[in-house]
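Undergrad: Numbering-wise (numbering that gives the first Met the number 0), the sequence shown opens with residue 0 and increments by one.
You may find that some hints are simply not true.
[What the hints assert, rightly or not] Below, a list of computed lysine-lysine pairs in the DSS-like style, where the Cα atoms sit at most 27 Å apart:
| no. | residue 1 | residue 2 |
| --- | --- | --- |
| 1 | Lys-366 | Lys-377 |
| 2 | Lys-145 | Lys-377 |
| 3 | Lys-145 | Lys-260 |
Please keep in mind that the hints were generated in silico from the structure rather than gathered at the bench. Predicted model, so just to flag it, every value in this text is computed and none were measured.
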Amino acid sequence: MISPWLGRCVEALSNAQRVEFSSASAAGPVCGRPLTPCQARSRTLSFMQIRPTRSFVRLAAALALGASVLSGCVVGEGDTRHLQPLPAKLVAQMSAKGMTQADPIFVRIYKKESELEVWKRDRSGSYALLKTYPMCRWSGQLGPKKQEGDRQAPEGFYTVTADLMNPRSQFYLSFNLGYPNTLERSLGYSGSALMVHGACTSAGCFAMTDDGVTEIFGLAREAFASGQASFQVQALPFRMTPENMARYRGNANIAYWRNLKEGVDHFDATRQPPRLAACGGRYVFNVNGDTSSFDPAGPCPAYEVEPAVQSLVSARNARDEARVAEFVSAGVPATSFAYADGGMHPRFRNLLRTMGPERMQAMVSGKIAISRPEAALKDPFDGDAPAEPATTGSLGTD
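Could you build all of it, start to finish, from the sequences and the hints given here?
TA: Here it is as structure tokens:
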């Protein structure tokens, strides 16, 4: 008897159209550039609804190949990179922290530190940090992305659904952040195809190397397969510590960053991804009741936040503001550093210095060249960053 899932696959192959939980196929969009007509039409079949057993891998690869041929964009036969099981060591780390592969995920990205964190809900029902991944490349400056082609990597709050996952990315594997979000569109910001992907090249994306994105993609795949409808990504300029807020107090983006810090505080205080809405040109968090009538560009209506949550967040913010004032009084200077073009985690910068771009490329990104390696070596914070609390997990993908 044919399974419902296989029936949908066969039907999709017959009709050459997308089915539930599908993803952009073939090469996918170039980082920071719109989809081509071929990429927009072509979609691969489900990769999340069934665990990647050996027989399923063979079946999914064959079906994905057939769908791509029918849509006019051929991918490599037997390409199952998106179905690689999670490493045993990572699964053991989950178990030690009271997590399973099925538990929902939450992601944070920090530009200045060039790190991506994956959090998971544990058996207590709260989210805890699973692992911190070093970022190989991001581009632009600290600050939000505002227009197509500005090379800026985005900053804000994004909701990633299964249809934004791309198992056929030209940058190995990727997921689209969904930029511009509702607030960004209301502000007139433009841009498309802003991704977290493999390789070590960026024109507005966050490049995690092929090995790094394989784990991150796999964690998302397992969460989606187990029923998570979407996961939140908080893309931030830096760790929102009191010292950093003091150092960047003179930056033109400080008002926006303080709004981002509100969302950070909501998560840190509750250990739950905050519910997102926007009004008055800013994000609002954990609003009680329906927010569908909120206009991102219009004034905020009267709204309430759960008193217990508001109390936790307010206490945290007051404590941090007092620490900011202490740093300013102690003479912490206002930072005015600028990047040549984005950053790179020190681990990869050391490799770049030691190996050179061609040899390092072969190690971390295959055929994709490292973007602007000379700029990556000019990170103004390299070797000069202030000490910050050790809030991350172990670095790397081992």
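Undergrad: Each hint needs a verdict: does it hold in this structure or not?
TA: Now the hints, each set against the structure:
1. Taken as a hint, the Lys-366 and Lys-377 pair is honoured in the structure, with Cα atoms around 24 Å apart against an allowance of 27 Å.
2. For the given pair, Lys-145 sits about 24 Å from Lys-377 by alpha-carbon distance, which is consistent with the 27 Å threshold.
3. For the hint pairing Lys-145 with Lys-260, the CA-to-CA distance comes to about 19 Å; that is within 27 Å, so the pair holds.
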